[in-house]
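K.L.:
Based on the provided sequences and hints, a complete structural model is requested.
Chains as they are written, first to last, in the numbering used here: chain A, 753 to 1055; chain B, 753 to 1055.
Rather than coming from a laboratory, the hints here were simulated on the basis of the structure.
Hints are not guaranteed to be accurate.
[Stated by the list, open to error] Which stretches of chain A does chain B cover? Using the computed rule of at least three CB atoms under 8 Å from a CB of chain B, they are:
id : stretch
1  : 822 to 836
2  : 912 to 922
3  : 997 to 1005
[Unchecked claim] With a straight-line Cα cutoff of 20 Å, these simulated SDA-like cross-link-like pairs (lysine to any residue) come out:
id : chain 1 : residue 1 : chain 2 : residue 2
4  : B       : Lys916    : A       : Glu957
5  : A       : Lys916    : B       : Lys860
6  : B       : Lys860    : B       : Pro901
7  : A       : Lys916    : A       : Gly832
8  : A       : Lys916    : B       : Arg954
9  : B       : Lys916    : A       : Arg952
10 : A       : Lys916    : B       : Ile912
11 : A       : Lys916    : B       : Arg952
12 : B       : Lys916    : B       : Glu953
13 : B       : Lys996    : B       : Arg1006
14 : A       : Lys916    : B       : Glu953
15 : A       : Lys860    : A       : Ala834
16 : B       : Lys996    : B       : Gly853
17 : B       : Lys996    : A       : Ala963
18 : B       : Lys916    : B       : Ala892
19 : A       : Lys860    : A       : Glu894
20 : B       : Lys916    : A       : Gly865
21 : B       : Lys860    : B       : Ala834
22 : B       : Lys916    : B       : Gly865
23 : B       : Lys916    : A       : Lys860
24 : B       : Lys916    : A       : Lys996
25 : A       : Lys996    : B       : Ala963
26 : B       : Lys916    : A       : Arg1047
27 : A       : Lys916    : B       : Glu957
28 : A       : Lys996    : A       : Ala1011
29 : B       : Lys996    : B       : Gly1029
Ideal Cβ positions, reconstructed from N, Cα and C, are used throughout, including at glycine.
There are 2 protein chains.
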Amino acid sequence: MTSNVAVVGLGAMGLPMAARLAERFTVSGFDIAAERLALAAGHGVEPAPTAAAAVTGADAVLVAVRTGEQLHDLLFGEDGLASHLAPGAVVVLTSTVGTTGIDAIAAKLAEHGAHLVDAPLSGGPVRAGEGDLLIVVGAALEALAQAMPVLEQLSSTLSIVGDKPGDGQALKTVNQLLCGVHIAAAAEALALADALGLDRERTLEALTAGAANSFMLGNRGPRALQAHEEHGAEVLSRLDIFVKDLGIVGDAARAAHLAVPVAAAAEQLFLLGEAQGLGALDDSAVIRVVAPELRRTASRKEA
Amino acid sequence: MTSNVAVVGLGAMGLPMAARLAERFTVSGFDIAAERLALAAGHGVEPAPTAAAAVTGADAVLVAVRTGEQLHDLLFGEDGLASHLAPGAVVVLTSTVGTTGIDAIAAKLAEHGAHLVDAPLSGGPVRAGEGDLLIVVGAALEALAQAMPVLEQLSSTLSIVGDKPGDGQALKTVNQLLCGVHIAAAAEALALADALGLDRERTLEALTAGAANSFMLGNRGPRALQAHEEHGAEVLSRLDIFVKDLGIVGDAARAAHLAVPVAAAAEQLFLLGEAQGLGALDDSAVIRVVAPELRRTASRKEA
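P.N.:
Put into C-alpha cells, the structure is as follows:
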C-alpha cells in the first residue's frame, strides 16, 4: 500500500503535483525556496525542513529535476537521499532528462533497496493540478505496481512503454523530436503561406483538414499567428523547453550514431529563438525566427 | 452547363480521372502513348488523335503535367492548345507545379478567351477513380463555377483557398512542406526509437495517442516499419514525388527570401533516398536513409 508520498522540488510542476497528491495521500514536501514550501503548506502538503526529512518514511518519492546529473547528486551526493529512503521505496522521476546515466542510477538505488520508476510527463502546471497529465513509464513490474496509485492520481493517460528505467526517457525523447519538429514545421509553413499571400486563417483551416495535419499544427498554429501581436500568445509551454528537449534528442541520436537532420534543423531554430530573446515566450513564437514580421496577406490578391 | 470534358494526359492519375468523369460527362482523351489511349477507350473515354482534337468543343480541359513549363508549352507552344479551345473554356490544372509562371499563363489564356482554374489535387490513382480526391482551388468566381461540376465529380474534399490562379499552387506548396517534413520526422523518430531499444509498435501506438501525432505518423509510420522487409510497404505515393514537391517548396521559399531550414533538411533526406535508388518505393522508405537497417529492438532490454 502506498500512503506516504514525498515530493522533492515544489516548482512550477512540483507544487501542483504535490497539491493534487495531497487529496489522496499524506504528502511531505521540500523545496530550497522557503516561499514555495509555504505555498505548498497552504495546499495540504506537510513542509519538511530538509529533503532527507521529507523522504523519510515515504513509500514513493517524486522528484522533478532538470538533468540526470542533478538527480544523481540529489540521491547519491553529500547527505544524498538514497540513504534516507525507506526500504522498498520507489523514486519516481517525472522530468525529461534523457536516457544517459539512468541505468546506473537505477542500479545504485537498487543497492539501497529502492527502485527507480522512470515516468517523464507532459501537460503543464494546470493539468498537473487536475490529475490530467500524460505520463510514459519505464519500470520493473513490482516498482510499477507500487508507483501506480501515485501515477494514476496525476495522469489521465498512462503509457507503459517498457519494463526498465530509461524506457520512459527514451520514449519521451522520441516524442519530443516529433513535437519540436512539428512546431518548427508549422512555423515555416505559416510563414511561407504568408509570404505567398495566402489568407492565413483559411490556410490553417485547409491544412488541418488533410494529410498535412499534426496535433501541433492544430494546437500551436493559431497561437503562431498571434506571435507577432503586441502581447503574443499565452505561454502554455516555453520556447526554451525545446532548446533543452531537442538538445536531449541530439545527444541521444549522436550517442547512437544516428543522423537526424530534420530534428537538428528544428533545434537550430529554437536556439536562434532563445538567442533572440524569445526563450520565455510560448514555443509557437519560433515563427518569429523565420518571419520577424508577417507580410501583408493582401499583397498577392492585390497584385 | 459543362457537358463536354477533355483530359490531356492519361497517366497514373489522368486515366482514372478520365474514367470517373466519363460516368457523368462526354469525355474525350489524349495521350502520346497509344496503349494509354486504348486503355482509356475501355473506360468510356473517346480517344482523340491529337491533343488539339481532344480539346476542340470541350467546356473544361483537365491537364496533368509535371511542370509549369510543360503547361506553358502545351498551351502556347507549337500548335498549342490555346488556339483550339472553345470560347469561354476552362483549363483545369490538376498538378502540383508551384506558383512560378502561373499568373502569366492565366493572363495569356485570358487573351484566348479561356480561363485557368488552379486545382492541384492529392489522393492517388485509386481515390481518383472513386471521386475521393482532395482538391485545393484558386480561381476567379466565374471560372470556378464552370469547373465546379468537374471538380465535384473528382473530389470528396474541395477547399476554395483563394480567388486567383496560383492560390491553389501556393496552398499545395505549403501543404507539401508539412507532409514532407512530417514523413521525414516520422522516419527519424522511429529510427531513434529503434536505436534506443524501444519496441517499435508500442512506441508508434504511444506517439500517435498524444501531442506527437500527425496524420503522416499514423499513415506512414506503420509502413516505415515495413520498409526494411524484403518487399517493403505497398507504394501508395512514390518517394521521388517529395523530391519534386520539396523542390517546389525550396524554390518558393527562396524566391520569397524565406529560410525554411527544417523543410530543407527533409528535402535532403528525400534526395539522398532517391540517390540510393529508393525513388520508386513508397515515400515512407525514407527511413532507410537514416537507418539502412534496424537494430535489434531487444538489445536495450537484454542489456
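K.L.:
Given the hinted pair B:Lys916 and A:Lys996, is their Cα-Cα distance within 20 Å?
P.N.:
44 Å, violated
K.L.:
Under the criterion that the straight-line Cα-Cα distance not exceed 20 Å, is the pair B:Lys916, A:Gly865 satisfied?
P.N.:
71 Å, violated
K.L.:
Next pair to validate is A:Lys860 with A:Ala834; report whether the Cα-Cα distance is within 20 Å.
P.N.:
9 Å, holds
K.L.:
What's the verdict on B:Lys916 and B:Gly865, does the C-alpha distance respect the 20 Å limit or exceed it?
P.N.:
Given that 20 Å is the threshold and the Cα spacing comes to 16 Å, the pair holds.
K.L.:
Does A:Arg1047 lie within 20 Å of B:Lys916 when you go C-alpha to C-alpha?
P.N.:
19 Å, holds
K.L.:
Holds or violated: B:Lys916 and A:Arg952, Cα atoms, limit 20 Å.
P.N.:
It holds: about 16 Å lies between the C-alpha atoms, which stays within 20 Å.
K.L.:
Taking only the CA atoms, is the gap from B:Lys996 to B:Gly853 under or equal to 20 Å?
P.N.:
Holds - the C-alpha atoms of B:Gly853 and B:Lys996 are around 17 Å apart, at most 20 Å.
K.L.:
For the pair we were handed, B:Lys860 and B:Ala834, check the Cα-Cα distance against 20 Å.
P.N.:
9 Å, holds
K.L.:
Are A:Lys916 and A:Gly832 close enough, with their CA atoms no more than 20 Å apart?
P.N.:
Roughly 23 Å between the alpha carbons, so the hint for A:Lys916 and A:Gly832 is violated.
K.L.:
Holds or violated: A:Lys996 with B:Ala963, Cα cutoff 20 Å?
P.N.:
18 Å, holds
K.L.:
Checking one constraint from the list: CA of B:Lys916 to CA of A:Lys860, max 20 Å. Satisfied?
P.N.:
67 Å, violated
K.L.:
Hint check: A:Lys916 vs B:Glu957, CA-CA at most 20 Å. Holds or violated?
P.N.:
18 Å, holds
Checked against the numbered hints above, the structure violates hints 1, 5, 6, 7, 10, 12, 20, 23, 24; every other hint is satisfied.
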